[in-house]
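Chains F and C, in that order, give the protein sequences. So this note's numbering is basically just the index in the first sequence, starting at one, shifted up by 38. So this note's numbering is basically just the index in the second sequence, starting at one, shifted up by 67.
Hints are supplied without guarantee of correctness; some may be wrong.
[Claimed, not checked] List of simulated lysine-lysine pairs, PhoX-like, C-alpha gap at most 20 Å: (1) F:130 x F:140; (2) C:199 x F:133; (3) F:130 x F:86; (4) C:113 x F:130; (5) C:113 x F:133; (6) F:86 x C:199; (7) C:113 x F:86.
[Stated by the list, open to error] Cβ pair distances, simulated, as ranges: (8) C:80 x F:58: 33 to 43 Å; (9) C:119 x F:148: 52 to 62 Å; (10) F:50 x C:76: 53 to 63 Å; (11) C:190 x F:148: 18 to 28 Å; (12) C:161 x F:93: 28 to 38 Å; (13) C:208 x F:94: 50 to 60 Å; (14) C:172 x F:48: 50 to 60 Å; (15) C:190 x F:144: 43 to 53 Å.
FYI, nobody ran anything at the bench for these hints, they're computed from the structure. For every residue, glycine included, the Cβ atom is placed at its ideal position computed from N, Cα and C.
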Amino acid sequence: MATATTKLTAVRTPETLEDKFERLANDWQTAVAHLSSSSKRDNHPAYKEIIALGPPVVPLLVRDLEINHRHWFAALATITGANPVAAEDAGKISKMIEAWIKWGTQQGYPW
Amino acid sequence: MVDLETIFPGLAGATYQVTSPATGLYNCIAWSTGDLSRWWWPDALKQRYWPPGVAREETVAAFQDAFAGLGFAVCQNESLEPEFEKIALFADDEGPQHAARQLLNGRWTSKLGELEDVEHDLHDLEGVEYGKVVVFLSRPIAVP
Chain F
39 MATATTKLTA VRTPETLEDK FERLANDWQT AVAHLSSSSK RDNHPAYKEI
89 IALGPPVVPL LVRDLEINHR HWFAALATIT GANPVAAEDA GKISKMIEAW
139 IKWGTQQGYP W
Chain C
68 MVDLETIFPG LAGATYQVTS PATGLYNCIA WSTGDLSRWW WPDALKQRYW
118 PPGVAREETV AAFQDAFAGL GFAVCQNESL EPEFEKIALF ADDEGPQHAA
168 RQLLNGRWTS KLGELEDVEH DLHDLEGVEY GKVVVFLSRP IAVP
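Construct the entire structure; sequences and hints are all you get.
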């Protein structure tokens with residue numbers, strides 16, 4: 039009796055920008071959540087990889103900032119060169135999030 | 068859910084307790100000074116709070132200066148002195164990584180990055196992540 043063998047071929051779909059961002063963001067958060075050092079947090083390889091995604095990732099950063107409150111301040115400042123946070127609000131996370139969301143809205147970013 | 072004992076092996080088998088929910092609104096340096104409104108760090112981009120006039124450097128000296136602005140001075144050890152509040156600064160080869168504050172019962176409280184606050188024995192957080200305690204600081208407890 040002939041044996042029928044089925045060969046399964048995995049089809050890998052290309053990772054979208056959003057998928058890549060989510061993967062890196064989750065890796066980063068898991069790795070640095072217990073750290074206070076902003077330099078360690080902002081220089082983690084996953085964080086730097088997110089920065090390397092460049093301007094297309096900005097709407098995803100602003101959206102994640104709004105929804106998950108993850109600290110994308112250094113990434114946004116590095117990618118865009120902007121700094122919408124008032125000096126007196128440095129470190130005040132809620133105020134910083136507000137400022138970046140307002141900036142994103144003014145720039146016309148969709149998220 | 069983050070397993071604190073995996074990150075900080077010194078907590079495994081030790082007596083510690085989580086005392087507040089996780090929040091990214093403040094960090095350990097802020098918590099050690101009683102400031103729950105800001106994330107303190109001398110980052111180069113000046114995104115986080117650092118006291119004006121203090122060098123934005125990740126050095127023990129700069130952190131001591133930051134605490135000095137709130138009345139803290141270097142002290143000898145971690146022993147409980149009822150008239151003083153104490154902070155322990157942790158550092159590794161890359162500089163300061165963490166600060167813990169002594170409680171009235173002699174134990175210590177720490178904010179773990181953006182995770183929870185925990186009450187713990189001081190040296191249970193020493194290790195790869197935070198390094199070791201390198202200096203103690205104290206200031207007189209304000210009398211109401």
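Hints versus structure:
1. F:130 x F:140: holds (15 Å)
2. C:199 x F:133: Given that 20 Å is the threshold and the Cα spacing comes to 33 Å, the pair is violated.
3. F:130 x F:86: violated (23 Å)
4. C:113 x F:130: holds (12 Å)
5. C:113 x F:133: holds (15 Å)
6. F:86 x C:199: violated (28 Å)
7. C:113 x F:86: Answer holds: residue 113 of chain C to residue 86 of chain F is near 18 Å, not above 20 Å.
8. C:80 x F:58: 33 to 43 Å: About 40 Å separates the Cβ atoms of residue 80 of chain C and residue 58 of chain F, which means 33 to 43 Å holds.
9. C:119 x F:148: 52 to 62 Å: violated (38 Å)
10. F:50 x C:76: 53 to 63 Å: violated (37 Å)
11. C:190 x F:148: 18 to 28 Å: Between residue 190 of chain C and residue 148 of chain F, where Cβ atoms are some 50 Å apart, the hint is violated.
12. C:161 x F:93: 28 to 38 Å: holds (31 Å)
13. C:208 x F:94: 50 to 60 Å: Between residue 208 of chain C and residue 94 of chain F, where Cβ atoms are some 53 Å apart, the hint holds.
14. C:172 x F:48: 50 to 60 Å: holds (58 Å)
15. C:190 x F:144: 43 to 53 Å: holds (49 Å)
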